[in-house]
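J.: Read top to bottom, the protein sequences are chains L and C.
For the first sequence, our numbering begins at 33 and goes up steadily by one.
For the second sequence, our numbering begins at 33 and goes up steadily by one.
Some clues are possibly wrong.
Heads up, the list lumps identical chains together, so a pair's fine if it works in one copy or across two of them.
As the list claims (entries may be wrong) - Mimicking DSS-like on lysine-lysine, the simulated pairs with C-alpha atoms at most 27 Å apart in a straight line are:
no.	residue 1	residue 2
1	Lys189	Lys476
2	Lys341	Lys541
3	Lys541	Lys50
4	Lys189	Lys121
5	Lys317	Lys544
6	Lys176	Lys103
7	Lys50	Lys210
8	Lys263	Lys317
9	Lys552	Lys569
10	Lys547	Lys531
11	Lys63	Lys341
12	Lys317	Lys541
13	Lys275	Lys531
14	Lys317	Lys63
15	Lys544	Lys50
16	Lys225	Lys531
17	Lys307	Lys552
18	Lys569	Lys155
19	Lys210	Lys155
20	Lys50	Lys307
21	Lys107	Lys541
22	Lys398	Lys210
23	Lys217	Lys263
24	Lys317	Lys547
25	Lys476	Lys263
26	Lys173	Lys225
27	Lys63	Lys217
28	Lys173	Lys63
The set of hints was computed from the structure by calculation and includes no laboratory data.
What you are looking at is a predicted structure, and each value in this text was computed from that prediction instead of being measured.
Below, each chain spelled out in residue letters.
Number of protein chains: 2
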Amino acid sequence: MLRFALAQLNSHTANLDKNLNNAIHACIEAKNNHADIIIFPELFLCGYMPQDLLLEPNFIHSCQQQLEKFKQQTKHLDLHIIIGHISAKNNDIYNSAYVIYQGQELTIYHKIQLPNHGVFDEKRYFENGNLCQNSKFIDIKNIKIELAICEDIWHDKTYNQYGDILVSINASPFHLNKYAERIEKLSQYIDSKQSGIYLNMAGAQDEIVFDGSSFILDQNHQCITQLAKFKEQILYIDYDSEKKIWLNQAQKINQNFNNNNEFEDIYHALILAVKDYFIKTNFTKAVIGLSGGVDSAVTACIAVDALGKENVHTIMMPSDYTSQISLDDAQELSHNLGISHEIISISNILNMFNSSLAPSFAKLPKLPKSSRNDVTEENLQARIRGNLLMAYSNRSNALVLTTGNKSELAVGYCTLYGDMCGAFNPIKDLLKTQVYKLCDYYNKTNPARTIPARILTRAPSAELRPNQTDQDSLPPYEILDQILVSYIEHYQSAEEIIKQGIDEQIVNKILKLIKISEYKRQQGAVGPKISTRAFGKDWRYNIAYFL
Amino acid sequence: MLRFALAQLNSHTANLDKNLNNAIHACIEAKNNHADIIIFPELFLCGYMPQDLLLEPNFIHSCQQQLEKFKQQTKHLDLHIIIGHISAKNNDIYNSAYVIYQGQELTIYHKIQLPNHGVFDEKRYFENGNLCQNSKFIDIKNIKIELAICEDIWHDKTYNQYGDILVSINASPFHLNKYAERIEKLSQYIDSKQSGIYLNMAGAQDEIVFDGSSFILDQNHQCITQLAKFKEQILYIDYDSEKKIWLNQAQKINQNFNNNNEFEDIYHALILAVKDYFIKTNFTKAVIGLSGGVDSAVTACIAVDALGKENVHTIMMPSDYTSQISLDDAQELSHNLGISHEIISISNILNMFNSSLAPSFAKLPKLPKSSRNDVTEENLQARIRGNLLMAYSNRSNALVLTTGNKSELAVGYCTLYGDMCGAFNPIKDLLKTQVYKLCDYYNKTNPARTIPARILTRAPSAELRPNQTDQDSLPPYEILDQILVSYIEHYQSAEEIIKQGIDEQIVNKILKLIKISEYKRQQGAVGPKISTRAFGKDWRYNIAYFL
Numbered sequence: 033m034l035r036f037a038l039a040q041l042n043s044h045t046a047n048l049d050k051n052l053n054n055a056i057h058a059c060i061e062a063k064n065n066h067a068d069i070i071i072f073p074e075l076f077l078c079g080y081m082p083q084d085l086l087l088e089p090n091f092i093h094s095c096q097q098q099l100e101k102f103k104q105q106t107k108h109l110d111l112h113i114i115i116g117h118i119s120a121k122n123n124d125i126y127n128s129a130y131v132i133y134q135g136q137e138l139t140i141y142h143k144i145q146l147p148n149h150g151v152f153d154e155k156r157y158f159e160n161g162n163l164c165q166n167s168k169f170i171d172i173k174n175i176k177i178e179l180a181i182c183e184d185i186w187h188d189k190t191y192n193q194y195g196d197i198l199v200s201i202n203a204s205p206f207h208l209n210k211y212a213e214r215i216e217k218l219s220q221y222i223d224s225k226q227s228g229i230y231l232n233m234a235g236a237q238d239e240i241v242f243d244g245s246s247f248i249l250d251q252n253h254q255c256i257t258q259l260a261k262f263k264e265q266i267l268y269i270d271y272d273s274e275k276k277i278w279l280n281q282a283q284k285i286n287q288n289f290n291n292n293n294e295f296e297d298i299y300h301a302l303i304l305a306v307k308d309y310f311i312k313t314n315f316t317k318a319v320i321g322l323s324g325g326v327d328s329a330v331t332a333c334i335a336v337d338a339l340g341k342e343n344v345h346t347i348m349m350p351s352d353y354t355s356q357i358s359l360d361d362a363q364e365l366s367h368n369l370g371i372s373h374e375i376i377s378i379s380n381i382l383n384m385f386n387s388s389l390a391p392s393f394a395k396l397p398k399l400p401k402s403s404r405n406d407v408t409e410e411n412l413q414a415r416i417r418g419n420l421l422m423a424y425s426n427r428s429n430a431l432v433l434t435t436g437n438k439s440e441l442a443v444g445y446c447t448l449y450g451d452m453c454g455a456f457n458p459i460k461d462l463l464k465t466q467v468y469k470l471c472d473y474y475n476k477t478n479p480a481r482t483i484p485a486r487i488l489t490r491a492p493s494a495e496l497r498p499n500q501t502d503q504d505s506l507p508p509y510e511i512l513d514q515i516l517v518s519y520i521e522h523y524q525s526a527e528e529i530i531k532q533g534i535d536e537q538i539v540n541k542i543l544k545l546i547k548i549s550e551y552k553r554q555q556g557a558v559g560p561k562i563s564t565r566a567f568g569k570d571w572r573y574n575i576a577y578f579l
Numbered sequence: 033m034l035r036f037a038l039a040q041l042n043s044h045t046a047n048l049d050k051n052l053n054n055a056i057h058a059c060i061e062a063k064n065n066h067a068d069i070i071i072f073p074e075l076f077l078c079g080y081m082p083q084d085l086l087l088e089p090n091f092i093h094s095c096q097q098q099l100e101k102f103k104q105q106t107k108h109l110d111l112h113i114i115i116g117h118i119s120a121k122n123n124d125i126y127n128s129a130y131v132i133y134q135g136q137e138l139t140i141y142h143k144i145q146l147p148n149h150g151v152f153d154e155k156r157y158f159e160n161g162n163l164c165q166n167s168k169f170i171d172i173k174n175i176k177i178e179l180a181i182c183e184d185i186w187h188d189k190t191y192n193q194y195g196d197i198l199v200s201i202n203a204s205p206f207h208l209n210k211y212a213e214r215i216e217k218l219s220q221y222i223d224s225k226q227s228g229i230y231l232n233m234a235g236a237q238d239e240i241v242f243d244g245s246s247f248i249l250d251q252n253h254q255c256i257t258q259l260a261k262f263k264e265q266i267l268y269i270d271y272d273s274e275k276k277i278w279l280n281q282a283q284k285i286n287q288n289f290n291n292n293n294e295f296e297d298i299y300h301a302l303i304l305a306v307k308d309y310f311i312k313t314n315f316t317k318a319v320i321g322l323s324g325g326v327d328s329a330v331t332a333c334i335a336v337d338a339l340g341k342e343n344v345h346t347i348m349m350p351s352d353y354t355s356q357i358s359l360d361d362a363q364e365l366s367h368n369l370g371i372s373h374e375i376i377s378i379s380n381i382l383n384m385f386n387s388s389l390a391p392s393f394a395k396l397p398k399l400p401k402s403s404r405n406d407v408t409e410e411n412l413q414a415r416i417r418g419n420l421l422m423a424y425s426n427r428s429n430a431l432v433l434t435t436g437n438k439s440e441l442a443v444g445y446c447t448l449y450g451d452m453c454g455a456f457n458p459i460k461d462l463l464k465t466q467v468y469k470l471c472d473y474y475n476k477t478n479p480a481r482t483i484p485a486r487i488l489t490r491a492p493s494a495e496l497r498p499n500q501t502d503q504d505s506l507p508p509y510e511i512l513d514q515i516l517v518s519y520i521e522h523y524q525s526a527e528e529i530i531k532q533g534i535d536e537q538i539v540n541k542i543l544k545l546i547k548i549s550e551y552k553r554q555q556g557a558v559g560p561k562i563s564t565r566a567f568g569k570d571w572r573y574n575i576a577y578f579l
């Protein structure tokens with residue numbers, strides 16, 4: 033019998049000491065739990081993804097030293113270790129899986145398929161391995177382990193051998209409903225009679241959430257074991273190497289794994305993203321500008337669950353256009369969440385800006401009525417709020433969380449240096465319609481600290497002029513979001529979207545707004561990817577199109 | 033005798049109609065000038081680089097239609113056309129060179145070496161060609177043309193054939209002193225007795241400047257013809273296809289090509305970058321916040337030369353810490369340049385911010401003396417200025433040019449949403465020491481409209497508190513810039529930089545500042561790359577390091 037330890041852990045980009053210590057502790061714990069083999073995620077020792085650190089010779093050198101320390105400090109353990117790390121040979125760098133036993137490298141496997149699409153740039157850094165140089169197989173106590181790294185199993189298998197167990201180590205970014213895809217891919221990749229271990233990292237790095245959700249497929253390709261979603265976990269499971277079957281599996285099934293509640297997944301993804309952003313930047317406190325609207329409300333909920341209510345401060349910054357309803361709702365929300373809240377009016381500051389600018393504007397040509405002059409004053413309000421939040425941030429050492437949803441960012445319905453101010457944007461990749469559904473999910477699961485109902489039922493408004501609603505400038509959010517998903521995630525053309533039954537003028541207007549808003553997005557805060565295509569590394573467009 | 037037309041032109045990303053028309057007009061002009069062959073740059077018809085538009089099936093389809101129109105509309109011309117464009121086959125996209133004659137494709141060559149380093153992501157989009165499928169050679173009127181695209185010639189030649197003339201079409205980004213590299217690479221790539229045409233695009237797209245500077249190497253590998261730097265040009269040159277020599281070459285030598293004045297090149301690169309950013313975003317006017325310092329001064333000069341003095345407005349926004357010298361120098365600069373200038377004080381607005389924030393700050397724990405409280409007020413001043421500029425921009429339809437140099441951006445000596453506000457940053461990739469040298473160059477070549485001497489001789493200061501100078505927080509710029517070049521461009525470690533004789537504490541402090549300032553840079557404006565490694569597509573780091 034062989035006992036496997038599946039170490040679904042977080043890694044910390046470029047914090048080599050921390051990753052080393054975490055790995056050693058996990059090995060010791062595994063050995064204490066009588067494990068024979070421990071498996072770590074892809075690039076665990078250097079952290080996924082070090083990006084351009086991989087171009088620095090000194091970083092490569094430090095990684096090699098770190099590996100030697102790891103071997104040295106696990107030398108005394110009767111434990112086989114499969115761990116992801118870079119390897120270097122001459123001037124070539126590989127994304128590798130090391131198999132280490134008592135300080136000796138038994139084999140190194142180099143990732144063959146290097147993803148260079150979506151959020152990935154692996155061909156920027158790595159040479160790909162090939163089957164000739166690769167040691168894809170390793171016998172451990174009479175079972176034949178076959179190695180793969182992440183993207184490898186998303187391509188057709190190009191060779192005819194197989195091991196008893198395929199071990200795929202991963203740093204696989206979350207997007208909605210990806211579990212089923214992963215299970216299908218692994219199932220297609222392994223041979224009949226072969227079982228497979230899919231081990232993923234659990235943690236977040238900037239915009240990427242690694243959701244854990246590791247699993248094992250048995251020799252019948254049934255998913256028999258599932259690890260936690262969005263959480264670190266070390267799972268132990270036994271394998272009968274004579275009968276080639278997995279033992280003690282029943283109790284390992286994670287009841288929540290297949291619950292198919294998208295918004296539960298999203299909510300936990302966002303919490304993990306915020307939590308790790310703060311940990312990995314060494315901050316503890318957040319400040320959020322509440323508007324009385326739905327975006328800032330749900331952002332406050334996420335912040336509370338990620339950082340603790342004692343670490344979240346909210347500021348309401350009313351102007352003359354802010355309704356009493358908004359003030360009341362923001363107040364009630366902060367009361368419900370148990371977080372500190374204060375009010376700073378922007379009216380006096382706005383007046384001072386207007387009077388300071390008046391002599392300058394008087395020299396400019398007059399604008400036609402109801403033209404861009406409105407935009408100037410609307411943006412000023414948003415930017416004064418941004419300044420106040422940033423001043424509070426500077427003075428209190430709290431990071432500003434910004435609250436722009438994907439629908440707004442897509443069409444530029446947001447103010448650069450205004451409501452876009454902030455270090456991190458938890459709902460950056462959520463469409464407005466998803467924000468509402470996330471609130472519904474949140475209120476159902478948190479009846480003791482809800483988002484006030486009126487926030488969810490009022491017509492959304494930026495409250496930057498009298499009686500304004502978002503729908504003055506934009507189509508209804510259901511229509512807008514349908515256009516956005518079709519274009520952004522499904523790469524559809526205007527013609528194809530119009531064929532869905534949406535008005536041609538609206539479609540053309542929205543697609544044009546997406547293009548001309550690129551300058552805002554490129555100066556926007558980072559935020560977690562939860563869709564198949566987020567504004568971030570996933571989305572690479574020029575700013576200067578001649579339209 | 034064969035007459036070549038070298039069409040060193042600008043392309044406009046995704047503006048397919050404009051590129052099509054420009055190409056057709058160039059062909060007609062070439063034919064009127066009795067050319068036999070016209071050569072266009074890499075990806076000329078779709079523009080370099082369309083980025084993720086290449087993932088949209090509709091864009092690919094539009095490109096194919098555009099190509100058909102191009103063939104149709106050049107059908108009547110007795111002219112061989114070599115032009116860069118994408119090609120699509122099944123689901124694969126190639127970066128290709130088409131050879132077209134009278135509406136017929138004589139051959140298509142697919143780029144073999146796809147750059148995926150530096151600013152490039154070509155493996156994200158393209159399949160690479162290979163020698164089997166490639167039609168690398170084409171006979172045109174008894175001369176054998178050999179085709180290559182950009183990166184191809186930067187790698188060793190892997191085949192033994194050669195043509196009479198190698199034609200390499202390029203969209204090659206500028207960086208300092210790249211001409212010599214290109215000549216060397218082409219010279220190494222071509223065979224003895226073979227001559228080579230290096231044709232580059234002239235124009236800018238976002239952060240990338242394509243500097244033109246095309247050239248011809250004759251059969252002795254002598255550079256006999258050089259096209260304009262940083263300017264569009266169609267050059268005609270004759271080739272004796274019997275004797276295999278170039279004719280009428282003497283008059284083609286561009287006197288300025290090898291002048292080795294780095295700052296002349298930089299200045300023209302920046303002008304082109306600004307000019308094309310405005311053209312390609314459809315703006316004409318710029319507004320700049322003048323401080324009385326060197327960065328905003330040289331930015332104003334660049335803007336005047338790129339956009340015309342009638343299109344540049346400057347605003348000085350003094351606080352109580354602003355010296356009379358700064359006010360006078362800014363005034364004198366705008367007078368010298370002949371641009372409009374006005375003064376808007378920030379003192380009243382700052383006071384209003386301070387009094388609005390006072391109740392909130394009073395509730396926070398007291399800070400130790402001379403601590404981050406200063407930073408709060410310093411940042412507020414910068415952010416008020418940012419807001420004023422953006423308000424002016426909204427009201428006047430002028431784009432804000434921001435003025436942060438590379439040294440500041442590297443170490444975070446700048447205020448996010450404050451002095452970092454702006455659409456485009458002309459001096460983003462210039463070290464502070466380079467900014468001074470660029471001013472010297474400018475003053476020497478523009479004696480009638482100089483930057484006032486005192487701006488160049490005063491100790492640099494942000495003037496955000498009394499008697500502040502940059503050197504209160506930073507090492508002397510000569511030292512800082514030496515560290516930055518060593519780390520950013522030469523990938524050196526702290527140890528290696530210390531070995532140059534720089535104090536260990538300073539080196540470690542600066543390298544740490546670079547890492548923890550990444551969040552600012554990722555929200556900063558785009559600006560032209562002039563070094564071998566700029567903050568932009570060239571520089572990919574995570575924000576959240578656990579340091």
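J.: Going back to the hint list, which numbers does this structure go against?
T.: 1, 2, 7, 11, 13, 14, 16, 21, 22, 27
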